[in-house]
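Chains as they are written, first to last, in the numbering used here: chain Z, 1 to 327; chain X, 1 to 517.
Hints listed in this document are in silico derivations from the structure and should not be mistaken for laboratory results.
Being a predicted model, the structure only gives us computed values, none of them experimental.
With a straight-line Cα cutoff of 25 Å, these simulated DMTMM-like cross-link-like pairs (lysine to aspartate or glutamate) come out:
#1 X:K454 / X:D414
#2 X:K202 / Z:E170
#3 X:K259 / Z:E159
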Amino acid sequence: MDYLYFAIRRLLQAVLVMFVISLIGFSIQDNLGDPLRELVGQSVSEKERQALRDRMGLNDPFFIQYGRFLGKAVQGDLGNSYFFKKPALEVIAAKFPATLELVIGATIIIISFALPFGVYCAIRPKSWFAKFIMGFSIIGISVPVFLTAIFSIYIFSVELGWMPSFGRGETRDLLGWNSGFFTQDGLVHLVLPSISLASIMMPLFIRLIRSEMMEILQMEYIRFAWAKGLLPRRVWFLHAFKNTLLPVITVGGVQVGTMLAYTILTESVFQWPGMGFLFLEAVNRVDTPLIIAYIIVVGLIFVVTNTFVDLLYTWVNPTVKLVGQKS
Amino acid sequence: MRKIFTAAAVAALCLGVSAGVQAKTLKMAYDADPVSLDPHEQLSGGTLQLSHMNFDPLVRWTKDLGFEPRLAESWERIDEKTMRFKLRKGVKFHSGNDLTSLDIVWTFDRLKKSPDFKGLFAPFESMRVVDPLTVDLVTAEPYPLVLHQATYIFAMDSNFYTGFDSKGKSKAAIVKHGDAFAATNVSGTGPYIITSREQGVKVTFKRFEGYWDKKSPGNVTDIIMTPIKEGPTRVAALLSGDVDFIAPVPPTDMDRIEKNANTNLVTMGGTRIITFQLNQNRIKQFKDKRVRQAIVHAINNDGIVQKIMKGFATAAAQQGPKGYAGFVSELSPRYDLKKAKELMKEAGLEGGFSVTMMAPNNRYVNDAKIAEAVASMLSKINIKVDLRTMPKAQYWPEFDKRAADIMMIGWHSDTEDSANFSEFLTMTPSEETGYGQYNSGNYSNAKIDELILKSQSMTDPVERSKVLQNVETILYDEAAFVPLHWQNLAWAARKGVNIESVVNVMNFPYLGDLVID
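Next up, chain Z with everything else stripped away, as it sits in the complex (with noise of 0.2 Å):
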């Protein structure tokens, strides 16, 4: 009953955050240029412009063309692509599954090292390995994605040639999911962008986890753990560590949609035909329909996934109530 209260009064937030990102998105499409622009040569006429923009409505009142976006909206229409020419979510759409397994890709190896590393860090911190890692971790905190980037494709594929450098290579369909993950080609195209996407999150990760666990270390129980002669093994990755995981999993819950903005730089400048790399595309074309549909769904995953580790926290930690829960 709880769940099903909180859910819903959740559902009508979303609907009201959505409504504000659209207004807002709708509003600034102004500022961001002249599509007409994009979509004629440099000689065509100013009088001709003006029909087309005339015949695509875009000359109407700001709240008649609001009105008639809304419309189509609530029906699941976000408008059509001026630069693909079909509706701007099926674009998405289309592009949606490319920056997935991005996020995938990377979310495995910030897991597979941020995990080990952060812990290993925080049991023996004053191992070299460790302070070589925290060291480590500040300058991968502080390069920026796009030298990462950068770099990594100069290393790995113009001076090594280990790696190709740019796009998402082959793609198989599985399971009705069209994904580089189920061919070499694919995988192999998956690496230096994961790395690179990963390369900002890792640090943090790794940070977190040390501190969050060093903290726990000196509680409490643990010392009565010890003190009950219990292996260290035990000690460290049973009692421990399972306490560490909480605030690790809010804080990469919200992380994702920190992700899904550092894709942009990612996917531009691998190439990888992701949705980020659609939205900066979008946003030099002046194609206003799908920067809107681009806000509109990034806002939706951001809601979705907020809730989502909302929903989970209260399951992990029955201390944290609900909004609205009866106490």
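Assemble the complex: chain Z is given as a structure, and chain X must be docked to it using the hints.
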């Protein structure tokens, strides 16, 4: 019947196999992929590059800016308003249809309806069928640039593009935004057929087996075209061997491509002029010729070419580059700070004044840096510049509003002819005539207007050239605008991909003729 099919299949198979022995694949990367497959939807470099792959024009430009026959085998002027083109025999479209004069006329009529192209084709009154392989192109007035424009007539397969698509819309429709048959389906006579296209990701081409030009040395059977937006990534893709051919090449990476043992760099002086315009309606001082001259003298455009463009441009003192009808070789850049100061003193403006300046920051090579350099050069003659740079998407609306006192504009002549520069940049702006559409400086000189209008109907190239040279000289003396430089062009390829012979100053490589060792 069945036997015939089998025999044909076997023959086709043999052909395929024999061609397969020497199959060459070209992997190439441009900074963007074509917007549409419709050659008449948008007049842009990308469209023309694609048109030369899928289609053939009546005539095309040679490297030295002459014309060579393509679909038109020969042409002659039969009276001062009519040019007669004889078409090549035995040319087939990708659909299997034969090319006839009906297709050419159909294409011409469609060009006249295209918002992007109709301006270019305004001087033409009509095109008439004479016989199945002869057409007459008729102009309203005697017109000197008939062949120039004929390079834009890429024959479309009229039968293929006639009728209605599955949605009940006309196949011939030119649609700027929205779905259209011609934007996604092609039948031309060109050397390549598109086999797949994922917009923004990849386009693949296969050589058209029935291509009419058997003399073409081209041996590329397949082309894989990938857009790579970021310059450094594009260069890395070439250096790592993931692609064979890239364009454009960022100036900062030219050295490394040239020094690399596996790659070749080809550069060429370009035709796009970069200029600043001084708005006389906003700043009354700009009405004074001496002030304009002072500004031109204060700007070290040769220095900009050396320092900012790293030598990858040609400093300019006029609109049209060398090779164009109006080019005057005596006009050279005139940086002279002392003279600039004197001119300001003469004009009684030693103390200077303040102006606003706008420039795009992602339209031309190093545009924002150039604007910054010019602003600081102007401060030496006490003109204080308040500079704003912005992405091109936001810049063009500002330009249309004439929102600053000094604005940057680059121009490439769609006709590859000198008059076009003046028609858009330096003739008196007027909505009625449509001239001076990009003349944000509002420079107006009755003499220039008169000379350009006169040149439009002069069919004697020598006389016409004199008139256009006169125009350039007057603009130079008057300092009508601030000329900076012509951007160079650059392409790069893996060794063994002989791009040098197929690239040209118009920047549409004739990939049908490309030879790979």
